[in-house]
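2 protein chains.
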Amino acid sequence: MKLHILGCTAATPGTVTNPTSQILETKGHMFMIDCGEGSQVQLRRNRIKFSRINHIFISHLHGDHVFGLIGLVSTFTLLNRLDDLHIYGPVGIKEMILLQLKLGNSYTGYKLYFHELSSKESELIFEDKHVTVKTIPLKHRVYTNGFLIEEKEEVYQLNLDALNHYEVPVVYYNKAKQGGTITLENGQVLTSEDLTFGKIPQKSYAFCSDTAFHPPIVEVIQGASVLYHEATFLKKDQELAKKTLHSTAQEAAEIAKQAQVGQLILGHFSSRYKSFQLFKDEACPIFERTEIAQEGKTFEF
Amino acid sequence: MKLHILGCTAATPGTVTNPTSQILETKGHMFMIDCGEGSQVQLRRNRIKFSRINHIFISHLHGDHVFGLIGLVSTFTLLNRLDDLHIYGPVGIKEMILLQLKLGNSYTGYKLYFHELSSKESELIFEDKHVTVKTIPLKHRVYTNGFLIEEKEEVYQLNLDALNHYEVPVVYYNKAKQGGTITLENGQVLTSEDLTFGKIPQKSYAFCSDTAFHPPIVEVIQGASVLYHEATFLKKDQELAKKTLHSTAQEAAEIAKQAQVGQLILGHFSSRYKSFQLFKDEACPIFERTEIAQEGKTFEF
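The listed protein sequences derive, respectively, from chains P and Y. Just so we're aligned, residue -7 is where the first sequence starts under our numbering, counting upward by one. Just so we're aligned, residue -7 is where the second sequence starts under our numbering, counting upward by one.
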């Protein structure tokens, strides 16, 4: 999985900061998560091909997570997109987009599918051969979901030295990756133990923004490879976090610890703080494997 | 009058180009005209105070002229705006903005007044002691208006040397500016002829975008100090201009010539052209006093 951070600051876009949007690359997909104003420009800046985006997941209908969507949907038309586009988000997102297209008399030249969400339980919203996407019900001022993206199958990590040593034809590599047994022309039988380093753990990514400190999500995201959790505030502004149903860096770390995730990425920072390092400093004593989101940064896992 | 170009390219925002938005400073007002995606960031980049904007004029409901409006309206709330905001635009603009505020459960903390337009004739839509704003009905794929902003009263340009020479107290300067007669303590009577360089011509600004070549506007904008006219295409793409109801640089120049304006500013360039100088080269033989809009550029007149 490869995560591209397009924007990770709270509230309004600035000259060098952008509201929430990210791309998760996995199994040939480019899943877009949230689309604040200016996200289409961030796609260009990060040299991500517009045509590779077929699924957009919107956490909630606050502007800093969705106001860039109508612009992106329109730009797809100008780029002569033909592929279907699937948009997942709270009830109302369809009306929001269609009204604006109607008023501009600018309908899309491609098919637009809306998957409107209203359940308060985690649900499966996307599935193919390789990956599933489930909602993570969050606690915020409006109906909000995080998203858990999980790779489905387990694969074996190839041992190239061994493959060369046994002179295994390349055509068998995929079978080896699936853990299959291979019989060479000389009759030698090779198992996954001979040819691979063993199974690579299945990767998963949990996106949780925006949300108050909300321990019920721990069960849903348990053991995720990477958790992106909002940390709008520092501990000294705990009261503000409570009031606005956001989290502090410490609370995000507490969730990461309880869920035993592989890595925590903090984001959705309020612009009131001078340095984002402060968020890491507060989270690390609770959960050491904490990183800071940053626009233009990518995380591979 | 001082015109700030925040964005002047057609269609989609890019990494260094922005869709239409501009600010006209006149008589203490900061009138915003159009508000494509990213306009609020352009305001910051151009160091224009958000709080000084009280009137926003939207030409039409195509995305590159309006998709930044909801973000700006929301940011005003986050900045704790209290002053009324007036939005002028085609019927539907109110529903477009209010639906998005409702879905985000994020109503403004200030009063929002919508002035929805539907007339096909030029009409007066704003007036105070110093300035009027009238619509300029344009010809485009959806209902579209340009805007004619005119300074109302004529003032006299003060001759500071004369004022000093006659030792005129500063308290009389405003009266002199209005062309009044001033009697000094020593009984001397001074007229506008003694104290000023005479009347400064009344300034006016006509914004016309988006529109096909449409000579009926000439009557409305006759003699404007400055005309901003869209020039999406060059002559070689005349057919495309016709089809999409846009103008070429030559057509914009022809309008400027017929309307005998003081200066023409071309804008709304298609991103298909390598150099914006090409637009000027095509317009100048028809109308010499042609300038090219450019993001971050200001024009004083």
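Quick caveat, the hints were computed from the structure, so don't treat them as lab data. You may find that some hints are simply not true.
Copies of the same chain look alike in the list, so a pair counts if it works inside one copy or between any two.
[What the hints assert, rightly or not] Calculated cross-link-like contacts (lysine-lysine; reagent style DSSO-like; alpha-carbon spacing at most 27 angstroms):
no., residue 1, residue 2
1, Lys191, Lys121
2, Lys94, Lys272
3, Lys227, Lys41
4, Lys167, Lys227
5, Lys144, Lys126
6, Lys94, Lys121
7, Lys41, Lys167
8, Lys289, Lys144
9, Lys169, Lys235
10, Lys94, Lys227
11, Lys266, Lys41
12, Lys19, Lys131
13, Lys272, Lys144
Going down the list of hints, with the structure as the test:
1. Lys191 / Lys121: Within one copy only: 18 angstroms inside a chain, 78 angstroms across chains, cut-off 27 angstroms.
2. Lys94 / Lys272: neither (45 angstroms within a copy, 35 angstroms between copies)
3. Lys227 / Lys41: So Lys227 and Lys41 fail the 27 angstroms test inside a copy (39 angstroms) and across (32 angstroms) alike.
4. Lys167 / Lys227: Classified as neither; 51 angstroms inside a copy, 59 angstroms across copies.
5. Lys144 / Lys126: within (12 angstroms within a copy, 61 angstroms between copies)
6. Lys94 / Lys121: So Lys94 and Lys121 fail the 27 angstroms test inside a copy (36 angstroms) and across (38 angstroms) alike.
7. Lys41 / Lys167: This pair counts as neither: shortest intra-copy Cα distance 31 angstroms, inter-copy 63 angstroms.
8. Lys289 / Lys144: within (26 angstroms within a copy, 53 angstroms between copies)
9. Lys169 / Lys235: neither (50 angstroms within a copy, 54 angstroms between copies)
10. Lys94 / Lys227: Neither, since 45 angstroms and 31 angstroms both go past 27 angstroms.
11. Lys266 / Lys41: between (33 angstroms within a copy, 22 angstroms between copies)
12. Lys19 / Lys131: So Lys19 and Lys131 fail the 27 angstroms test inside a copy (30 angstroms) and across (48 angstroms) alike.
13. Lys272 / Lys144: neither (31 angstroms within a copy, 58 angstroms between copies)
Violation of the numbered hints given earlier is confined to hints 2, 3, 4, 6, 7, 9, 10, 12 and 13; the remaining hints are satisfied by the structure.
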